[in-house]
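A.B. asks: Listed in order, the protein sequences are those of chains A and B. Quick note, the first sequence lines up with residues 1 to 301 if you use our numbering. Quick note, the second sequence lines up with residues 1 to 301 if you use our numbering.
Worth flagging that the hints you see were computed from the coordinates, not collected in a lab. Hints may be right or wrong, so weigh each one.
Stated by the list, open to error - When the alpha-carbon atoms are kept at most 27 angstroms apart in a straight line, the in silico DSSO-like pairs for lysine-lysine are as follows:
1. A:162 to A:120
2. B:245 to A:102
3. A:245 to B:102
4. B:94 to B:284
5. A:102 to B:120
6. A:175 to A:102
7. A:2 to A:284
8. B:150 to B:284
9. B:91 to A:91
10. A:102 to B:91
11. A:102 to B:94
12. B:203 to A:94
13. A:91 to B:94
14. B:203 to A:214
15. B:94 to A:94
16. B:203 to A:102
17. B:102 to A:91
18. B:203 to B:2
Protein chains: 2
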Amino acid sequence: MKLTILGCYSATPRTTTNPTAQVLEINGHMFLIDCGEGTQVELRRNKVKFSKINHIFISHLHGDHFFGLIGLVSTFRLYGRTSELHIYGPKGLKEVITLQLKLSNSWTDYPLRFHELNTKESTLIFEDDRVEVHTIPLSHRVYTNGFLFKEKEGDRKLLIEKVLEANINVAYYRKLKQGHDVENEDGVLIDHTKVTAPADPVKSYAFCSDTAYKPAIASIIQGVTALYHESTFIEEHQHLAPTTKHSTAKQAAMIAKKADVGALILGHYSTRYDSLEPFKEEAKEIFDKVLLADDGKVFEF
Amino acid sequence: MKLTILGCYSATPRTTTNPTAQVLEINGHMFLIDCGEGTQVELRRNKVKFSKINHIFISHLHGDHFFGLIGLVSTFRLYGRTSELHIYGPKGLKEVITLQLKLSNSWTDYPLRFHELNTKESTLIFEDDRVEVHTIPLSHRVYTNGFLFKEKEGDRKLLIEKVLEANINVAYYRKLKQGHDVENEDGVLIDHTKVTAPADPVKSYAFCSDTAYKPAIASIIQGVTALYHESTFIEEHQHLAPTTKHSTAKQAAMIAKKADVGALILGHYSTRYDSLEPFKEEAKEIFDKVLLADDGKVFEF
Numbered sequence: 001m002k003l004t005i006l007g008c009y010s011a012t013p014r015t016t017t018n019p020t021a022q023v024l025e026i027n028g029h030m031f032l033i034d035c036g037e038g039t040q041v042e043l044r045r046n047k048v049k050f051s052k053i054n055h056i057f058i059s060h061l062h063g064d065h066f067f068g069l070i071g072l073v074s075t076f077r078l079y080g081r082t083s084e085l086h087i088y089g090p091k092g093l094k095e096v097i098t099l100q101l102k103l104s105n106s107w108t109d110y111p112l113r114f115h116e117l118n119t120k121e122s123t124l125i126f127e128d129d130r131v132e133v134h135t136i137p138l139s140h141r142v143y144t145n146g147f148l149f150k151e152k153e154g155d156r157k158l159l160i161e162k163v164l165e166a167n168i169n170v171a172y173y174r175k176l177k178q179g180h181d182v183e184n185e186d187g188v189l190i191d192h193t194k195v196t197a198p199a200d201p202v203k204s205y206a207f208c209s210d211t212a213y214k215p216a217i218a219s220i221i222q223g224v225t226a227l228y229h230e231s232t233f234i235e236e237h238q239h240l241a242p243t244t245k246h247s248t249a250k251q252a253a254m255i256a257k258k259a260d261v262g263a264l265i266l267g268h269y270s271t272r273y274d275s276l277e278p279f280k281e282e283a284k285e286i287f288d289k290v291l292l293a294d295d296g297k298v299f300e301f
Numbered sequence: 001m002k003l004t005i006l007g008c009y010s011a012t013p014r015t016t017t018n019p020t021a022q023v024l025e026i027n028g029h030m031f032l033i034d035c036g037e038g039t040q041v042e043l044r045r046n047k048v049k050f051s052k053i054n055h056i057f058i059s060h061l062h063g064d065h066f067f068g069l070i071g072l073v074s075t076f077r078l079y080g081r082t083s084e085l086h087i088y089g090p091k092g093l094k095e096v097i098t099l100q101l102k103l104s105n106s107w108t109d110y111p112l113r114f115h116e117l118n119t120k121e122s123t124l125i126f127e128d129d130r131v132e133v134h135t136i137p138l139s140h141r142v143y144t145n146g147f148l149f150k151e152k153e154g155d156r157k158l159l160i161e162k163v164l165e166a167n168i169n170v171a172y173y174r175k176l177k178q179g180h181d182v183e184n185e186d187g188v189l190i191d192h193t194k195v196t197a198p199a200d201p202v203k204s205y206a207f208c209s210d211t212a213y214k215p216a217i218a219s220i221i222q223g224v225t226a227l228y229h230e231s232t233f234i235e236e237h238q239h240l241a242p243t244t245k246h247s248t249a250k251q252a253a254m255i256a257k258k259a260d261v262g263a264l265i266l267g268h269y270s271t272r273y274d275s276l277e278p279f280k281e282e283a284k285e286i287f288d289k290v291l292l293a294d295d296g297k298v299f300e301f
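Chain A on its own, in the form it takes in the complex (with noise of 0.2 angstroms):
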């Protein structure tokens, strides 16, 4: 799971910041998450091969977060794309898009599919057999969503030696690797789990932006391997936090320490800040695991 930040900044871009995008590609998927003014030029700055987008999800509707997705749409036109392209986000998205569309005399040659959500409780809106997407409902001054990405279990593995040792066909591998038992040319049961490995443990990433403090989110997000929060203040203006319904590192930590996620990534810094550091030292005061982003920084997990 590789999550590379493109922009993680708030409000307005700058020569030096971006405003929120990123791409995770998990279990190989490559998704779009956010896309503020200026995004397809930060993907193509960090080498991302950007036509492997299949799926752009949308947080909400303030321009930080969307403003760059019509020009991504209108390049992809441009570029030839022919595979579908899904956006998720709020009501309203498919309007503003598709009347740029046509106001240019421009549609897309590729099929464009729009999945509005209204939700207010998490959801699933993306499945196959590799992921599941969920949203996660948030607290901000328009309607919101986080978004779980969660990779499926996969096969057990064959442990080949033991396997060939139990004298089974091949034919039961795949049986074997799905976790079944199975008999052996000697018409003896074999206990799959004595001749394979546990699959790899699934990861998952939670992304969470923007949102006032809500703990009650942990519980849709509990145990991901990693978390991304939002954290636009530290608390020298903690007393911002409320009326924007953003938050604060120390409160990003909080909701990392109760869904004991594997790592808490900080981002959507107000740009009033010259350095990222006390972000960072805030949150660890509340829990140790916590990652700062910035803008082309990568993340493997």
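With chain A fixed as given, assemble chain B onto it according to the hints.
C.D. replies: Chain B only, in chain A's frame:
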């Protein structure tokens, strides 16, 4: 008159090139012309005091000319702008901008005035005591205007030694500057041309992008100080110009020659070219005073 090129490449923004946007400073005004994705960052990079922009002119609704507008409008809001912002562009622009402000629940606190254009003849769309702006109807795949910016003639200049010598009361200086003859203290009529010099010559700028070769615009832009004319292609790809409704460098030069302009600035280059020199070379075969636009370049006239 100062022109700052923020972006002058066609199609998609890249790490090395920007889509169309430029700032024209003329007679005390700061006009933004077109606003491709990333324009607000380019304004910062080029250190343009963008709070001084009160008028934005959008040529047409292809993404590479306006996808950055909503971001700039939003940033003005975040920065506490209070002064009116006037936006001139094709019908539809108001709907697309206001829809996005509505969806993000972020109405501007400053007055946002849309001037939607649908004229097919050159029309005066802005005028004050310093400058006037006219549309230049262009020929493109969607409804498109270029813009002609013209300084208004200023006052004549007092030749102060001659004025003193002629014994003219200071109360008449203003009339002299306005081109009236006045009586001196001795009751003698003084010819204003003897004691004043002509006003500075007026400057003018024509922005013509995007357009197919359209010789009819020459009469509108006759004798302008500087003409920015799109040149998407060089001769090698001239066959693409009519179908895409763009121009070649040579065609831009033919317009410049026909309109007898002071200087031709080429831009809106296709991103397929590694070098801009062929554009200049080919244009120079037709018209001598050719300049190459490039991102970050500043022209003063």
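A.B. asks: I'd like to know which numbered hints this structure contradicts. Please list them from smallest to largest.
C.D. replies: The structure conflicts with hints 1, 4, 6, 12, 14, 16, although it agrees with all the remaining ones.
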